[in-house]
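Protein chains: 2
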Amino acid sequence: MRTLTVELGERSYPIYIGQGLLQNIASFFEKHQITKKSPLFIITDTHVAPHYLNDVETNLHKAGYTVISAVVESGEQSKSLAVYEQMMTKAIEAGLDRSSTVIALGGGVVGDLAGFVAATYMRGVRFVQIPTTILAHDSSVGGKVAVNHPLAKNMIGVFHQPVMVLYDTSTLQTLPIREVRAGLAEMVKHGLIWDEAFARWCDQHAEDLLALDPETLAYGLEKGCSIKAQIVSRDERENDLRAILNLGHTLGHAIEATAGYGEFLHGEAISIGMAGAALLAVQLGADPSLYTETKRILERFGLPTVMPKHLDTDQVMNAMMHDKKFKEGNMVYIVPKAIGQVYIDTNMKVSAVRNMVERLKEGDIHV
Amino acid sequence: MRTLTVELGERSYPIYIGQGLLQNIASFFEKHQITKKSPLFIITDTHVAPHYLNDVETNLHKAGYTVISAVVESGEQSKSLAVYEQMMTKAIEAGLDRSSTVIALGGGVVGDLAGFVAATYMRGVRFVQIPTTILAHDSSVGGKVAVNHPLAKNMIGVFHQPVMVLYDTSTLQTLPIREVRAGLAEMVKHGLIWDEAFARWCDQHAEDLLALDPETLAYGLEKGCSIKAQIVSRDERENDLRAILNLGHTLGHAIEATAGYGEFLHGEAISIGMAGAALLAVQLGADPSLYTETKRILERFGLPTVMPKHLDTDQVMNAMMHDKKFKEGNMVYIVPKAIGQVYIDTNMKVSAVRNMVERLKEGDIHV
Ligand SMILES: NC(=O)c1ccc[n+]([C@@H]2O[C@H](COP(=O)([O-])OP(=O)(O)OC[C@H]3O[C@@H](n4cnc5c(N)ncnc54)[C@H](O)[C@@H]3O)[C@@H](O)[C@H]2O)c1
Ligand SMILES: NC(=O)c1ccc[n+]([C@@H]2O[C@H](COP(=O)([O-])OP(=O)(O)OC[C@H]3O[C@@H](n4cnc5c(N)ncnc54)[C@H](O)[C@@H]3O)[C@@H](O)[C@H]2O)c1
Ligand SMILES: [Zn+2]
Ligand SMILES: [Zn+2]
Numbered sequence: 001m002r003t004l005t006v007e008l009g010e011r012s013y014p015i016y017i018g019q020g021l022l023q024n025i026a027s028f029f030e031k032h033q034i035t036k037k038s039p040l041f042i043i044t045d046t047h048v049a050p051h052y053l054n055d056v057e058t059n060l061h062k063a064g065y066t067v068i069s070a071v072v073e074s075g076e077q078s079k080s081l082a083v084y085e086q087m088m089t090k091a092i093e094a095g096l097d098r099s100s101t102v103i104a105l106g107g108g109v110v111g112d113l114a115g116f117v118a119a120t121y122m123r124g125v126r127f128v129q130i131p132t133t134i135l136a137h138d139s140s141v142g143g144k145v146a147v148n149h150p151l152a153k154n155m156i157g158v159f160h161q162p163v164m165v166l167y168d169t170s171t172l173q174t175l176p177i178r179e180v181r182a183g184l185a186e187m188v189k190h191g192l193i194w195d196e197a198f199a200r201w202c203d204q205h206a207e208d209l210l211a212l213d214p215e216t217l218a219y220g221l222e223k224g225c226s227i228k229a230q231i232v233s234r235d236e237r238e239n240d241l242r243a244i245l246n247l248g249h250t251l252g253h254a255i256e257a258t259a260g261y262g263e264f265l266h267g268e269a270i271s272i273g274m275a276g277a278a279l280l281a282v283q284l285g286a287d288p289s290l291y292t293e294t295k296r297i298l299e300r301f302g303l304p305t306v307m308p309k310h311l312d313t314d315q316v317m318n319a320m321m322h323d324k325k326f327k328e329g330n331m332v333y334i335v336p337k338a339i340g341q342v343y344i345d346t347n348m349k350v351s352a353v354r355n356m357v358e359r360l361k362e363g364d365i366h367v
Numbered sequence: 001m002r003t004l005t006v007e008l009g010e011r012s013y014p015i016y017i018g019q020g021l022l023q024n025i026a027s028f029f030e031k032h033q034i035t036k037k038s039p040l041f042i043i044t045d046t047h048v049a050p051h052y053l054n055d056v057e058t059n060l061h062k063a064g065y066t067v068i069s070a071v072v073e074s075g076e077q078s079k080s081l082a083v084y085e086q087m088m089t090k091a092i093e094a095g096l097d098r099s100s101t102v103i104a105l106g107g108g109v110v111g112d113l114a115g116f117v118a119a120t121y122m123r124g125v126r127f128v129q130i131p132t133t134i135l136a137h138d139s140s141v142g143g144k145v146a147v148n149h150p151l152a153k154n155m156i157g158v159f160h161q162p163v164m165v166l167y168d169t170s171t172l173q174t175l176p177i178r179e180v181r182a183g184l185a186e187m188v189k190h191g192l193i194w195d196e197a198f199a200r201w202c203d204q205h206a207e208d209l210l211a212l213d214p215e216t217l218a219y220g221l222e223k224g225c226s227i228k229a230q231i232v233s234r235d236e237r238e239n240d241l242r243a244i245l246n247l248g249h250t251l252g253h254a255i256e257a258t259a260g261y262g263e264f265l266h267g268e269a270i271s272i273g274m275a276g277a278a279l280l281a282v283q284l285g286a287d288p289s290l291y292t293e294t295k296r297i298l299e300r301f302g303l304p305t306v307m308p309k310h311l312d313t314d315q316v317m318n319a320m321m322h323d324k325k326f327k328e329g330n331m332v333y334i335v336p337k338a339i340g341q342v343y344i345d346t347n348m349k350v351s352a353v354r355n356m357v358e359r360l361k362e363g364d365i366h367v
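So the protein lines, in turn, are chains R and L. Counting from 1, one number per residue, gives the positions in the first sequence under full-length UniProt numbering. Counting from 1, one number per residue, gives the positions in the second sequence under full-length UniProt numbering.
Hints should not be assumed to be uniformly reliable.
Repeated chains share a single entry, so a pair holds when one copy, or any two copies, can fit it.
Quick list of in silico lysine-lysine cross-link-like pairs, BS3-like style, CA-CA up to 27 Å [what the hints assert, rightly or not]:
1) Lys-349 x Lys-37
2) Lys-309 x Lys-361
3) Lys-361 x Lys-36
4) Lys-37 x Lys-62
5) Lys-31 x Lys-349
6) Lys-361 x Lys-37
7) Lys-349 x Lys-36
The hints are simulated quantities; they were obtained by calculation from the structure and are not laboratory data. Just so it is clear, the structure is predicted and the values come from calculations on it, not from any experiment.
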């Protein structure tokens, strides 16, 4: 088992990464003094529940915990105020109290939803993340929890740090390959924004990662989590540095919103977004290899890098205007300097971005 | 103008109390570096808006602020997830960004609602309280913000401290007398839990307070706020001490819920609750004068102290079981020791409470 700590003063918490951790789930709960007097509330989804819910419940029951579970529909649409309200109702009916703990068993959707429930139930109860996707190595670090508003993603939320993250890598074996690729997009992102060596390592180990080789995967997840943890430790509430984690996200979110949630996975959309950010950098004077290399690495993972032609550029631009990375009317854009380095441009011209979006539809720097 | 500070480390904030402060509202905003680049969002209600919204908007406009306003229905029913969602929609459509400030112009309902909007819009924006009720001297201190769930009051919320509280006492002149009385119930509570001298002062100045004599009122509000601030400073997140602020509230909330919101004002319900807590104390051995004195002081303000006979005791008891002051299955009850002193009983017998509720219907200690 690998253990790393997200350093946040009194809100610091460990991430445990390893195979088969869920077999011993109760010992982790006991270690973290999670009380047996108040019910636990597991939130999971329809794809995850059939594989893992029963085991988790049974192991916790055996140790003397009372467990209530809610299974939401798999998919982004469950990150809504309506589903959130259902969870609140269930929690109240089940008698959850201020000493209860909410558990997210699933990917980023369940993590964000359950986290927002934990953050706001009776003004905040404890929260444990049990990620079951690769993407969740990102979403389970940093305490951002949220639901979507019909007009914009992640608009309704707070910061609420978990007590611990229990990352049982065996659960990744049942993940559909498209989800594997999409999750690896965030892993590559962690290399691209912070650590050239890790970006190169991802490039070299793309095949083993896609094949879910346990050792390679555990190393990649640990490294990805630890990069995110370093950034979050320095800027918990996204005042400055933390914004670099949004590489590819301004455009990525706009793509998700314009295409309608469901056509692109989050990781796919930000892969296009990261290629776009590199193209923008080249437009602004960076060496063309920054774009071609970024694109090549992402494509090693079978990820899309070309802006879909059927998406209307004006609509995509409009969607970006609703995006929360626009601060005080200026468009903020995360732009790469080199592989492993980015900067935050707080004054990016909308016309330059528009131009990039158009060119990205060709997917070729020479057109 | 009186100024007091709620000491909460980096979250400390001032409360300004005085007549006519809203005439200079913009100078307070400038003093607190509230940006003119991002829109302000005022949330108020249908009773407050006709009196004060126009002036506030105009004064802010003149100083160069962009202002968006939402007027919700007056009343507790606006503290709902449905209205909260409408506020979020309005905020997004108006282009509120992370540097925007949300302003509560109104009583505790608008304060709690707007505070929860501020706390969760884009994971938290700045928040200014402009209380227009006496009760809000309580609700605007301490950062508790929330909306109600149909099954229980204040169930959905977080802690989110304001940047400042601007208490313009002239706004209290339009407050209906029943609301004045109800608000004074929380002022008396602050005396009863913490400061015998202040409780006696309230008793002696009941008439001037009810007549809204400016000097008397300003002193009472400052003192009430400062007692609450002292308690909150020592226990921001209600781990222990802060619970004493719930004197009268366990039963009060149950009365509100059982009668259906609307029959009793919050302050009226907790007045009955405070009389009940004193009766419980006497049942447990305190001197009978604790009950008769508490009752007499509350009645000086025209507040109810007798449990309404038409409320079913079992229903009231059930409503208490959903109340969040029950920690780990034990019933927590705030019990007075003497005028100005209370203790937290973490192991109160449900049967003793039930007995008290029954006796409180008679309103006489000798039956
Ligand atoms: N909070 C943050 O900091 C943060 C960061 C990045 C992304 N996110 C959010 O995360 C979400 C995306 O996360 P995601 O990609 O994990 O999505 P997800 O939770 O929807 O999971 C992807 C799909 O895989 C299924 N699944 C999950 N685990 C499985 C398993 N072990 N076996 C079989 N199927 C499984 C799910 O049911 C779903 O269909 C987005 O909502 C995004 O906004 C949040
Ligand atoms: N957050 C906290 O710590 C805290 C503490 C105590 C109470 N509360 C909450 O506060 C709420 C009760 O607050 P409230 O009593 O101020 O209720 P309120 O906001 O509903 O105001 C009472 C009534 O007076 C009207 N009104 C307000 N100001 C007016 C004015 N200046 N002139 C004319 N009419 C005016 C309102 O429209 C309403 O009809 C409850 O929801 C309670 O849960 C919160
Ligand atoms: Zn992401
Ligand atoms: Zn109250």
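Verification of the hints:
1. Lys-349 x Lys-37: So Lys-349 and Lys-37 pass the 27 Å test across copies only (18 Å; inside, 56 Å).
2. Lys-309 x Lys-361: Intra 6 Å, inter 73 Å, cutoff 27 Å: intra-copy only.
3. Lys-361 x Lys-36: neither (55 Å within a copy, 38 Å between copies)
4. Lys-37 x Lys-62: within (14 Å within a copy, 57 Å between copies)
5. Lys-31 x Lys-349: neither (51 Å within a copy, 32 Å between copies)
6. Lys-361 x Lys-37: For Lys-361 and Lys-37, neither the intra-copy (57 Å) nor the inter-copy (34 Å) Cα distance is at most 27 Å.
7. Lys-349 x Lys-36: between (55 Å within a copy, 22 Å between copies)
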